[in-house]
Amino acid sequence: MSGAGGGDRQRGRYEGEVAREHYLNAAYGIRTWLLTTDHKRIALLYLISITLFFFLGGLFAVLIRLELLTPPGDLVQSETYNRLFTMHGLIMIFFFLVPSIPAVFGNFLLPLMIGARDLAFPRLNLASWYVFTVGGLFTLGAVVGGGVDTGWTFYTPYSSTYANSAVILTALGVFITGFSSIMTGINFIVTVHKMRAPGLTWFRLPLFVWAQYATSLIIVLGTPVLAISITLVAVERLFRIGIFDPALGGDPILFQHLFWFYSHPAVYIMVLPAMGVMSEVIACFARKRVFGYAFVAASSLAIAVLGFLVWGHHMFVSGQSLYAGMIFSVLSMLVAIPSAVKVFNWTATLYGGSISLATPMLYALGFIGLFTMGGLTGLFLATLAVDVHVHDTYFVVAHFHYIMVGGAVMGYLAAMHFWWPKMTGRLYPELWGKVSAVILFVGFNLTFFPQFVLGYLGMPRRYHFYPPEFQVLNVLSTAGASILGLGYLIPMVYLIWSLRYGQRAGPDPWRAKGLEWTVPSPPPVHNFEATPRVTEEAYDYAAVLPPAPLPEEGR
Amino acid sequence: MSVSPALQHHFDDMQQQSQAAGLGMWLFLATEIMFFGGLFAGYTVYRWRFPAAFADASGHLDVRLGAVNTAVLILSSLTMALAVRAAQRGRRRGLLLFLIVTMALGSVFLGIKASEYEHKLEEGLLPGPGFVYPGPQAGAAELFFGFYFTMTGIHALHMVIGIGVLAILLVPARRGAYSGSYFAPIELAGLYWHFVDIIWIFLFPLLYLLGQGVH
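Top line first, the protein sequences correspond to chains A and B. Using our numbering, the final residue of the first sequence is 555, and nothing's skipped along the way. Using our numbering, the final residue of the second sequence is 1215, and nothing's skipped along the way.
No lab work stands behind these hints, which were simulated from the structure alone. Each residue gets a CB set at the ideal place from its N, CA and C atoms; glycine is no exception. It cannot be assumed that every hint is accurate.
Claimed, not checked - Stretch-level coverage of chain B by chain A, calculated; a stretch enters the list once three of its residues show a Cβ under 8 Å from a Cβ in chain A: (1) 1014 to 1020; (2) 1038 to 1044; (3) 1103 to 1112; (4) 1127 to 1134.
To be verified - Residues of chain A placed beyond 12 Å of chain B at every Cβ, according to the derived structure: (5) E79; (6) L254; (7) T393; (8) L431; (9) P467; (10) E537.
Generate coordinates for the entire structure from the input sequences, incorporating the hints supplied.
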């Protein structure tokens, strides 16, 4: 496998690498994992949990796509179908996307990137995983107990009065899980403020850290509002107080306001961390400092702030006043500015760089394209008149999957491949990585691009049957979904394989910049032997060698 | 330089540790403000929609008991502040005394609240199937009492948690664990206590004083 380029990594295998103590072999036994306060181990606990949720949520998606293969409702009836798309949305959003990059990679990397020995509150960090698990168990209990059919949005009065499913149990699960993200958010903000190594000023921070910081601000300010909204639904359902029920004097639109006040910013909770990953990966594989560093950093904060001012664009046809609609329309378009700042600056970073197309970079390039598609169609939807036409159609479904899957999941997988050697000490097989990145990209577009067309032609979301003229596009979409599924399964297999058989990575297989690459892989328990001193800007790639040759290119 | 036994391994010194804890507490309080903020927003919407009914329903609350409870809570904030002061000065007995008085005042508040709830239940003012309201606009009044019970109920839950936290802190306080160089837990519990008091300072006029001058 390895030729000349792998030489230094080969040597590492024989010289002390085996005997060295690191966070994985420092202690053994299930107790040392379940009671750990090491941010790196907690990150792995989260990784295992959210991977399970990801495949469960994916299973529901498979059933949805199978039902939509044919125009009539033959596989499931509407009662079941309602539960399928609700559970798919709930699990993917609250139990995979929201925790994904922050709880796994943020947890693992934040202390390493800023030269700290741990997060500020290690026990709170462990508690957050337990709270997440308890919330997850409640939700799983609801799945087993018949599921929930309200849609992931819990719209009232459906959720509070009419739904005959496990609403309370599911809502409780989401409520509890919210506290786990609040704990993570508080921990990250305090850590970035108080734990940076000497010399690591705010404008020397890796952009991944900026993105985590902005995400944490949204989590801390938004999640409590979701908690109180869910509490009020529960109060209404249990005590028959008509807070949202028009029959009792309440107002269902109020629920939508409260819900989207969290749930629109939650979109940025999901995609901002992926943008942070992009900056790291693109700088490394273009061997250049990120173009306009300060603007990219500030755009994360701008997205966090603006994200709180746009929730009303979910309610253009809900009976909110026309003037409110116009204001929300304009404010929503403003989010495009900081988002475009990021996309243009990544593109400018690529310009004139010495680019190598390793797997993380393939995912990053895929992200730029797919996020741009998702973002631009977001502008269509922010336009009042267009939204009235395509509201609640597959156009919306395609739009947010381009952001959530094309953006957030692509970013997650880029991070997975980029930092896998750091987390495990092993390289994944590069060729398989590239192949599955391409499969994923093709499968994704085949799944979701037809849905833009379907939506524009008028196919509504949340129905298990449709007129026969939509079948061709739906078959394309289902075919794409099977390719997409394959694209998720292949990395699952080779990443697990690499734990045992992968090449040893050495501390810095990508010749990347950043404090996390200065420590051995896997990192020692306390991360740094001595607190590092930072004397340079982030991404000072001009001074270092070109990237290490990839295994199959190195012969 | 002597290393404090309270210093955790991942901090460089006590100053960094206590600053981190303080910032964490303020952030937690920010989440609490957003949490109660949703309730206040809901209250505002419906008071705006049904001003007369809300004022009328508010007249059914006992202003005297509400006022007494306000005084009790403000007094408990004073004793809490004195407890922090005692911890800072390393006065073990003073700290214990003020913590216990604070907990006692908190319990008095909860006792008065419970008797108020009982009274409202007897009058049939608990929203739900058994709700009986003598005035016009019973539906809007039911909403008012829905907010009354939800807001004061969540506030009372916070009081219970506060008393529990102080009870836990009694153990190290008895041991003499706190001094001028380490009193962060008492200080942070104090921040939380004051926050819960301030929530009540808003609840009292919004719920109790609203109906004054109507009857």
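Hint check:
{"no.": "1", "hint": "1014 to 1020", "in the structure": "holds (count 3)"}
{"no.": "2", "hint": "1038 to 1044", "in the structure": "holds (count 4)"}
{"no.": "3", "hint": "1103 to 1112", "in the structure": "violated (count 0)"}
{"no.": "4", "hint": "1127 to 1134", "in the structure": "holds (count 3)"}
{"no.": "5", "hint": "E79", "in the structure": "holds, 28 Å"}
{"no.": "6", "hint": "L254", "in the structure": "violated, 6 Å"}
{"no.": "7", "hint": "T393", "in the structure": "holds, 30 Å"}
{"no.": "8", "hint": "L431", "in the structure": "holds, 40 Å"}
{"no.": "9", "hint": "P467", "in the structure": "holds, 41 Å"}
{"no.": "10", "hint": "E537", "in the structure": "holds, 24 Å"}
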